[in-house]
Amino acid sequence: MSPTATTSAVEPTAKKEKAAKPDLRFKRLDITMKRQQYAPDALIEVLHVAQEAFGFLEEDVLQYVAHGLKLPLSKVYGVATFYHLFSLKPNGAHTCVVCMGTACYVKGGDKVVEKLQAELGIELGETTPDGKVSLMAARCLGACGIAPAVVFDGTVGGKLSPEEAVAKVKVWEGEG
Amino acid sequence: MDLQELKAVAQAEQERQKSVRVHCCTSTGCRAADAMGIYGNLKQAVTDHNLEDRVEVVGVGCMGFCGRGPLVQVDPDELLYEEVTPDQAASIIEAMDGGTAQPIQGDVNHPFFARQMRVVREYSGKIDPERIEEYIAVGGYESLHKAIYEMTPAEVVDQISKSGLRGRGGGGYPTGLKWATVAKMPEGQKYIICNGDEGDPGAFMDRSILESDPHLVLEGMAIAGYAVGANHGYIYVRAEYPLAIARLQKGIQQAKKYGLLGSQIFESPFDFKIDIRIGAGAFVCGEETALIQSIEGGRGNPIPRPPYPAQKGLYDCPTLINNVETLANITAIIRNGADWYSSIGTDNSKGTKIFALTGKIRNNGLIEVPMGISLRQIVEEMGGGVPDGEVKAVQTGGPSGGCIPRSMLDTPVDYDSLRKVGSMMGSGGMVVMDDSTSMVGISQFYMEFCRGETCGKCVPCRTGTVQLYAMLTKILKRQATKDDLAKMEALCEMVRDTSLCGLGQTAPNPVLSTLKYFREEYEELLIEPEYLSDLNGKEAPQEVNA
Ligand SMILES: Cc1cc2nc3c(=O)[nH]c(=O)nc-3n(C[C@H](O)[C@H](O)[C@H](O)COP(=O)(O)O)c2cc1C
Ligand code: SF4
Ligand code: FES
Ligand code: FES
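Protein sequence lines, in the order shown, are assigned to chains A and P. Counting in this note's numbering, the final residue of the first sequence is number 176, and the numbers go up one at a time with none missing. Counting in this note's numbering, the final residue of the second sequence is number 722, and the numbers go up one at a time with none missing.
Treat each hint with caution, since some may be false.
Taking beta-carbon pairs under 10 Å as the criterion, some of the chain P residues facing chain A (in silico) [unchecked claim]:
1. I471
2. R475
3. P575
4. T613
5. Y622
Here's a subset of chain P near chain A, in silico, CB distances under 8 Å, partners left out [to be verified]:
6. A208
7. A209
8. G213
9. Q220
10. D224
11. G245
12. E472
13. N540
14. V607
15. R654
For the record, the hints were derived by calculation from the structure and aren't laboratory data. Computed from a prediction, not measured in an experiment: that's the story for all the values here. Every residue, glycine too, gets a C-beta built ideally from N, C-alpha and C.
With the hints as extra help, turn the sequences into a complete structure.
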């Protein structure tokens, strides 16, 4: 899918790709950086856009941003690794984010996680070997009134039993 | 825009509004149970029954009783419907036309609602957060006008000081004092920052304010800007709150269009613009110096204070940082005066506070109550107690707070009383626990949180939280001795006393407070040291391994 997904060469291959075939995703980065007037303090904003466009932050994307904002790569890397939401690895086709906040924990969020881990055969923070589902944890979704809460591909589900959560994930497993 | 024009907008909106308003919650909690489907079906039903000229369906913010959501309320009759499903929605409209409504009827006089005092949440769940006109129709932006035209900046600061308002972000620092400090700094570039990071797990009042009444915060920020001499504000919202961000964006655009934000507000010389900054998932960024680093595009590492942000903050300029709920109190204080505000609450904690009442409790949701109400009133009367068994403890203040045992439920809820019993107000999370909850488990849970969220800059916090987590795990696995417990307590004190920022300084609180009130739970899990020495060289028996 991604022309940049398999490389980690020092020379940013993405740029070469760009010369050959304009990659709209880099264009989007350009537009964002330009709108921020290439200000170095727009780094987090730009990384958000980059992650949305590419799905994760690969090294050549980080290099591209560093170059655009005239920042050392170490700084860009330092910021990208500091924040939990930035991911340097690709995610699965679907994401299941379980809330591990206090309200959810007290109402059995830990049981939901256990059951999902068992069903998917992976730990929190991992992606199934077929690349289909990523299982992640969130600190608190702010939907504590309906704890325990899980986000399935961006849609929040509340008051979930472990079985209900597994049922939602099973739908994805059946696909394709 | 001048005052007359503002009033004209208000009047036009009041005339536009239909006599019957069907309020459908469209906030995050209810959305999780398809509130948007309900909203669509309600609208369709109004059309189907030709009721458009007297009935309108309004997508509103959170009504507070999120645990019973999705909620729909028909006003002015005050008919409340709970746990509505999309296929029941039409029957609510049909009931106005001779049919019967299917969903469960709620009670607007339920203690959950009746005991509340709504200042900040006055219009939450009553107005459409995506239309500035609805906010203006209930008196919105009049306080900003009043501040600019009827008060000097010093008078505004004075009112906030006299009101006794204290920061709602956790520390409880007097807001007026903070404003006065920034106002006193020499003229020049100054900033306002609204802290909408809300990292405390179990708290969602800031999110709800931003989703339900975004202009309340924007107006509060503008008034703060006028008072301290700042023309630029940033609102830092965590990325986990996409709906809040979208509604703020819309709100800022609408306010700009009406000339209520931007340059020459109300045709006065006062300029104030607001930008949004989005977090990226780091609890420590709620700490003010870390938040400033984050807005500047860096890693959110706290830095030692002084200098305080009020003196040297964002881009080294004097900066006022306030929490969302703090700023959401400002318009009411300007409108009704400091005396009115300080008549609410206790001697040292004025006004109301919003709590997120969650956990093992019958009635889940957001409540706004006057300071000084007892924990018992909140948990037993408003919350309806725990569904089975008894209340064991109430955790307040999140990772910085502590657990208050059942025997202390009569503690009044205010900054000083909570501190006295070893907990904290924090941002207002209130998680109720019943007899099935292990207190050692809860400590381990919070330590896991702090271990994962420490920024790693200073050693006591970085390694201390890891060690404390390991020690708690050892206790839970029944592998620890009395000695280990003593070591853990000593380490708690060390981490508390030597960490650089609030995260490390308060990380041991949940452990210390559970040790204080539930020590026997820890002790029950300990093993005898002799037993361990007996094991020398031998294989550990089964139970020890479990
Ligand atoms: C680790 C840590 C996290 C914090 N998180 C938040 C937060 O999410 N929201 C908030 O308003 N304040 C948070 N605070 C408190 C802020 O640093 C600051 O005191 C507050 O925003 C000031 O506003 P106030 O005076 O209106 O309360 C946090 C503090 C620490 C030490
Ligand atoms: S106390 Fe913890 S979070 Fe705060 S600066 Fe030190 S390491 Fe970072
Ligand atoms: S604790 Fe899970 S949504 Fe807040
Ligand atoms: S989210 Fe709907 S009532 Fe709170």
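Hints numbered earlier in the text: which of these fail when held up against the supplied structure? 8, 9, 10 and 15
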